[in-house]
Amino acid sequence: MTTVWVPCDAAAVSVGSDEVATAFEAAGATVRRNGSRGMLWNEPLVEVEADDGTRWGYATVAPAEAGALLAGELDASPRALGPMDEHPWLTAQNRVSFARVGVIEPTDLAAYRSHGGLAGLERALTLDPAAVVAEVTTSGLRGRGGAGFPAGIKWETVRTAQAATKFVVCNADEGDSGTFADRMLIEGDPFTLIEGMAIAAVATGATEGFVYLRSEYPHALRTLRRAIDIAYAHGVLGQSVLGSDHRFDLDVRVGAGAYICGEETSMLDSLEGKRGEVRAKPPIPALRGLFGQPTVVNNVLTLAAVPMVLADGGEAYAALGTGRSRGTQVFQLAGNVARGGIVEADFGLSLRELVEGYGGGTASGRPVKAVQVGGPLGAYLPPDRFDLPMDYEAFAEADAMVGHGGIVVFDDTMDAGAMARFAMEFCAKESCGKCTPCRLGSTRGVEVIDRIRAGTDREANLVLLEDLCATMTKGSLCAMGGLTPMPVRSALEHFPEDFGVTPDQADGVAHDIPESATSTDGGARP
Amino acid sequence: MRQRGPTPAPAPAPADPARAASVRAIAEGLSGVRGPLLPVLHEVVATHGYVHDDDLPVVADVLNLSRADVLGVVSFYHDFRRTPPPAHRVSLCRAEACQARGAEGTVADATERWAGSSDVEVGEVFCLGNCALGPAGMLDGALHGRLTPDRLAELTQGWER
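Residue numbers (this note's numbering), protein chains in the order written: chain W, 1 to 526; chain C, 1 to 161.
Simulated from the structure, these hints should not be mistaken for lab results. Glycine included, every Cβ here is placed at the ideal spot set by N, Cα and C. One thing to keep in mind: the hints can contain errors.
[Said to hold, decoys possible] So the derived label-pair ranges between C-beta atoms look like this:
(1) W:G360 to C:G105: 19 to 25 angstroms
(2) W:R226 to C:A18: 30 to 36 angstroms
(3) C:A142 to W:A233: 27 to 33 angstroms
Turn these sequences into a full structure, and let the hints steer you where they fit.
What follows is the structure, encoded as structure tokens:
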């Protein structure tokens, strides 16, 4: 009987992969459900496994085509992708964190192990905790949630803190538009995250962990819960991690639809059962985090990079990348893009390679007008900036941010003035309300942008907008208020005509780099 | 745990004793976990569809919180709805990536289609993590991509207009 792989990833399900799987079962095939390879424009992407194990891909398969596909009738179609392991869009990438996503069944622990899983945790258990942290420090791994804080320094702070209870918390509140890599990793290879958290626990002396997962991700929640149950059953989690003296208990907590809970301190308050309001720092969470105890807070992709760092050594990871941006980044191509999906590559490739190379330009076929990099709080960049290398420092110098590597593409029908207004509107809706610049500044920002666009006292309102942006940037407690000016200012700088403003008028507006974009205070997005 | 503030006046008898008993059982079942309030409220919504005002003192009593604490949390989060859910829910993503693929058109169409409907509730969400296949939306909890107005009409056939 033929084996057919049909993704169970939520994006694939959203365009019919469950129905496709049912159709192949009815047609007599053995259906196995993998995560997605990340070629999302091809979903539902069905793979037929040949006798020699080669998996032959077929793009955008409809349920009604199951019989024809099995009979070989689609082999001459342009939708036949050939052997997936040799597909140039995939082989050009460097899949490190995503090595197993789309390849194995997500909760098959034996397959996880046979594809290199658990080697990192096994090695970590043979080392001193200090040596485990040293490997992470050597790797140069920086927080993938957006702030880019060195993971090893954070871990060392927790390791050396004195407390009876320490926690590891994974921030899986992936609320930024244009990001879906956390979700795809959890749905496609959850054991990588579990292993990374267990290594963090071993390194820092933590005994309890939580994954804070947003409620908008029901598929990820189901997969992660199942994976945690299996990890307990096989002794990866629990009283004795892989037979060692280390205890590590892991639980999932579900968010409740508040964007601000992606900010690490609001997330901690939410985990404690409170309103998700931002805390003032210091104290930093590494010293006083969840329930006041020393806490490692890392993003999904930061923790998912850790097993490889431990398995192959920190230096192997540090050999990838550029400048102070080491390793790989999981870029996400989204919005109006022809070939949207996951591109994991070493830091240092250019924005153009991502948008035009991997992405293939817009889905609409119209010219690209701008991309927004790093989520709703990132800058809008026009094509003349596409030679920027994907590197934390290079982006910060250009008044932009790499953030978590999400890239949203817009064609020439985009109205940058409307998007700037939307940035303020979104901030007003989702502000936690604790600090004034964010809570009130965002509402005033909508009004000022409306007046500029309507031509009401334009010059004075441009000055007012800049003053407001400076106040929000410098006076907000967290990156939400602090970075909302970034899309606003970049939209105004690059597309003044969308505000009815001349370039000269826009040039008069000063541009400060928001400190929070380049700071290393451990703050995560938003 | 210390009781906060003066002893509150006894709450009036709940309008629905069966519901109160169910909510109490949910809260007691989860009271042992760390930071139980959000898990309790999620379970109340999963079981009863929404958080009724009468649920607040019950939850507060079991978890030894003030009613204000519970109300503050319920009102902070979008997920803890305080009115009975409609027969059908359309949640459409309005975030940047879906806007880049024309979400505003789908949102406008849906808003107009079900304006004034008591059976179908149209709401906005900001990101469902389906940013390469937008416009995205959830229809009665099921995720969909490439949601044009035509596709939306097809998927919601039979829903009261």
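Evaluated hints:
no., hint, result
1, W:G360 to C:G105: 19 to 25 angstroms, "holds (24 angstroms)"
2, W:R226 to C:A18: 30 to 36 angstroms, "holds (33 angstroms)"
3, C:A142 to W:A233: 27 to 33 angstroms, "holds (30 angstroms)"
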